[in-house]
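A.B. asks: Please put together the full structure from these sequences, using the hints given.
Protein chains in written order, with my numbering: chain A, 1 to 457; chain B, 1001 to 1240.
For the record, the hints were derived by calculation from the structure and aren't laboratory data. Predicted, not measured: the structure shown is a model, and the values here were computed from it. Among the hints, a few may not be true.
[As the list claims (entries may be wrong)] Which stretches of chain B does chain A cover? Using the computed rule of at least three CB atoms under 8 Å from a CB of chain A, they are:
id	region
1	1039-1047
2	1100-1108
3	1164-1172
[Claimed, not checked] Computed list of lysine-lysine pairs in DSSO-like fashion (alpha-carbon distance at most 27 Å, straight line):
id	chain 1	residue 1	chain 2	residue 2
4	A	267	B	1050
5	B	1171	B	1211
6	A	362	A	313
7	A	362	A	351
8	A	313	B	1171
9	B	1031	A	267
[As the list claims (entries may be wrong)] Estimated spans, in silico, between C-beta atoms of each pair:
id	chain 1	residue 1	chain 2	residue 2	range
10	B	1016	A	410	23 to 31 Å
11	A	288	B	1026	26 to 34 Å
12	A	309	B	1150	40 to 48 Å
13	A	309	B	1173	33 to 41 Å
14	A	291	B	1002	31 to 39 Å
15	A	234	B	1126	33 to 41 Å
16	B	1016	A	205	54 to 62 Å
17	B	1199	A	243	50 to 58 Å
All C-beta atoms, glycine included, are put in the ideal place defined by N, C-alpha and C.
This is what each chain is made of:
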Amino acid sequence: MRSLFRIIRRYSFTAGAIICVILLSNMIAFFSLGYQKMQVSRRQDFRRSTLEAISDALFWENGEWKLGDKGIQELNDSDLQWCMGLDNNGQVVWEWRLPAHFDRSYSNAEVAKFSRWYLNDYPVAVWDTGKLLLVVGLDPDFFARYSEIFPLNDIAVIPQYLKIIFLVNAVVILFFVFLLGYRFYLALKPLGTGVEKLSRQEPVRLKEKGMTRDLALQINHTSEILQEQKQRLNKRDQARTEWISGVSHDIRTPLALIVGYTDRLAKSSNLTEEEKRITDTICRQSQLISQLVSDLNLTSKLAYDAQPLHLEKCSPALLLRECTADLYNEELESENGQTEVELDISPEMEKAVVFADGNLVKRALRNLIGNSVRHNPQGCQIRIRLYEKDGMACFCITDSGTGIPQVVVENMDTQTEKIHIMGLRLARQIARAHGGNMEFLRRETGTYDVGIRFPAE
Amino acid sequence: MELYERKILLVDDNRELVEMIADILKQGGYKNIVKAGSVREALEVFQREKPDMAVLDVMLPDGDGFRLFQRMREQSDIPILFLSAKDEDRDRLFGLGLGADDYITKPFLPPELVLRVGAILKRSYRQEEPDKNEENCLCLGNHEILFDYGIVRYRGEETPFTAKELILLKKLNENRGRIVTFDALCNAAWGDGYYGYENTLMVHIRHLREKIEEDPSHPQWLLTARGLGYRLAADRGGRV
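C.D. replies: So, in structure tokens, the structure goes:
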């Protein structure tokens, strides 16, 4: 949801930025264009340059006003339609291309009128040369004449008005940016929630309407596909788990017969040494099969989440002692080998608590310690250290025997038929299911010891 | 009635397994054994023979052992033990939750089955036995321990146990031959939250040894399992 808010915020900023950029560029364009126009109109400024040039070129000679060559040149180059000079009495004393139907004499009222407006539909400009009043006619197709009087107050408040207009505009723009942004946010919000749910593999059902209709449709469709796949996977996992569970169940009854009768055979007194050794081996190996079968069952259940963890507060020290005592009571007692287990529990671990499935933790420990026992039939010293490290309860199992060979450590993650390490894998699986892990510690001899850790409270 | 004369009903659809269990129990001293292969047959035999104990499989061809258990319990309170190929905690807890006396998973060790059957029979029928003393008496060499009186008799001299000593000794005796952890002993004597009682436990064990051992500094019966707990030796000496 946070990411969605970020999108909206960015959208608003972008919209604001776009508006500012456009306003600014408009302003720049306006001013630069205005400046250019001013440059151009200065070049065509007939009032100043042309009129000044004409007035300079007019001279009095032989009782009449004449225009010098320079003035005529200037007039020919200009856009002026006609030109005339009035004396103080309103009489036309000099003219250039003045149409014939124009009066040659103007009263004061007429002069005042055309100086502000038009003379016979020609927009006119006037220029006082000092002795004459120069009147020029402009091309009515190109120029308009307009004259107005403004109250000074109105002009003074223009900057004020500009400020208010700018402010109001800004407020309106911001209002719309945020309104649209918010609507956009509201429309996207369910989509965001939907995508979040998708990532958690939860079913999603969004309303398919409004501007996000197509997206909602796609998300709903994706959700359906995901759910379907999940169901199919679950079904397959379940079938596999049930199959393994069924097989392991079916193996148990015949195994019970083998174990039961071999035990009886082993106990009968009239066996030779050789026969005794054989029955003992059958006994031991049947126990191993039984262990493997239950490991297989548990491993498949843990892998497919078919076995819920019964999490409760347990003391790792207690679990370790119970597990070791069980090992002594069940296995080591009957062995002839001189296998001994030594526990080294740090004082803080006596008080420590792990939140775990006690039976599974014991199962993992039992597998690891059992490996040491089984792979050292001549007997060995097993030392189990329990200590706290990085908030984890760590069990480190070392023995004076052969240790775990390199090939086992290398093949923990590969499927190989060469070695049988289901017990180790199960121990690691149990640790991982609790949020812990298992690690191998290299000895100087090149073989390994094993450590397993569970998160402590 | 002798414990070994108690009638035991075995129910399992695998005939060979039933035969073997019967063999094992007979070897263990139980002579009176009746068998059934299905729920229907089991109920018939149950009505006819009135067994004193039943060992039931959970998966039967015409129903499940849990239902059979309930049908039997409606009529009688005899102890019932489940012997099942289902090793899941869920099934085990369900069986025990129904009120079964024990739950053993296949494959099992024959001596274990005999011991468990014996323990259940003892627990269920002890009250009826006239020779109560025999059950609550423990002989360790020349020391004779009378649990009901909380005393130990040695060369005609009687020494009483304290309450805690008696609890600890009982706990060890219940698991005779097996290591009982510090935790289990402390839990039995002081209940939950026993942390820090280990030193106290050692003191009690020392006192116990003074009462039941010939030479308390070289114990023959109450043995220390280093780092784990204690063990009441099943026979003289022994290694841990």
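A.B. asks: Hey, residue 362 (chain A) versus residue 351 (chain A), does the alpha-carbon distance stay inside 27 Å?
C.D. replies: Given that 27 Å is the threshold and the Cα spacing comes to 18 Å, the pair holds.
A.B. asks: Given the hinted pair residue 362 (chain A) and residue 313 (chain A), is their Cα-Cα distance within 27 Å?
C.D. replies: 14 Å, holds
A.B. asks: Could you see if the CB distance from residue 1199 (chain B) to residue 243 (chain A) stays within 50 to 58 Å?
C.D. replies: 53 Å, holds
A.B. asks: Would you mind confirming whether the straight-line C-alpha gap from residue 1031 (chain B) to residue 267 (chain A) stays at or under 27 Å?
C.D. replies: The hint holds at about 20 Å.
A.B. asks: Do residue 309 (chain A) and residue 1173 (chain B) keep their Cβ atoms within the hinted range of 33 to 41 Å?
C.D. replies: 35 Å, holds
A.B. asks: Could you check the hint for me, namely that residue 1016 (chain B) and residue 205 (chain A) are 54 to 62 Å apart, CB to CB?
C.D. replies: At roughly 57 Å between Cβ atoms, residue 205 (chain A) and residue 1016 (chain B) fall inside 54 to 62 Å, so the hint holds.
A.B. asks: The hint says 31 to 39 Å between residue 291 (chain A) and residue 1002 (chain B); measuring C-beta to C-beta, is that right?
C.D. replies: Roughly 37 Å apart at Cβ, these two residues keep to the hinted range, so it holds.
A.B. asks: Do at least three Cβ atoms from the region 1100-1108 of chain B come closer than 8 Å to Cβ atoms of chain A?
C.D. replies: holds (count 4)
A.B. asks: For the hint 40 to 48 Å, verify it against the beta carbon of residue 309 (chain A) and that of residue 1150 (chain B).
C.D. replies: Taking Cβ atoms as reference, residue 309 (chain A) and residue 1150 (chain B) lie about 43 Å apart, which means the hint holds.
A.B. asks: Verify the proposed pairing of residue 1171 (chain B) with residue 1211 (chain B), using a straight-line Cα cut of 27 Å.
C.D. replies: It holds: about 17 Å lies between the C-alpha atoms, which stays within 27 Å.
A.B. asks: Is the coverage entry for the region 1164-1172 of chain B by chain A consistent with the three-residue Cβ rule at 8 Å?
C.D. replies: violated (count 0)
A.B. asks: Go ahead and decide if the range 23 to 31 Å is satisfied by the Cβ distance of residue 1016 (chain B) to residue 410 (chain A).
C.D. replies: Distance hint for residue 1016 (chain B), residue 410 (chain A) is violated at roughly 44 Å.
Consistency note: the structure conflicts with the earlier hints numbered 1, 3, 4, 10 and 15.
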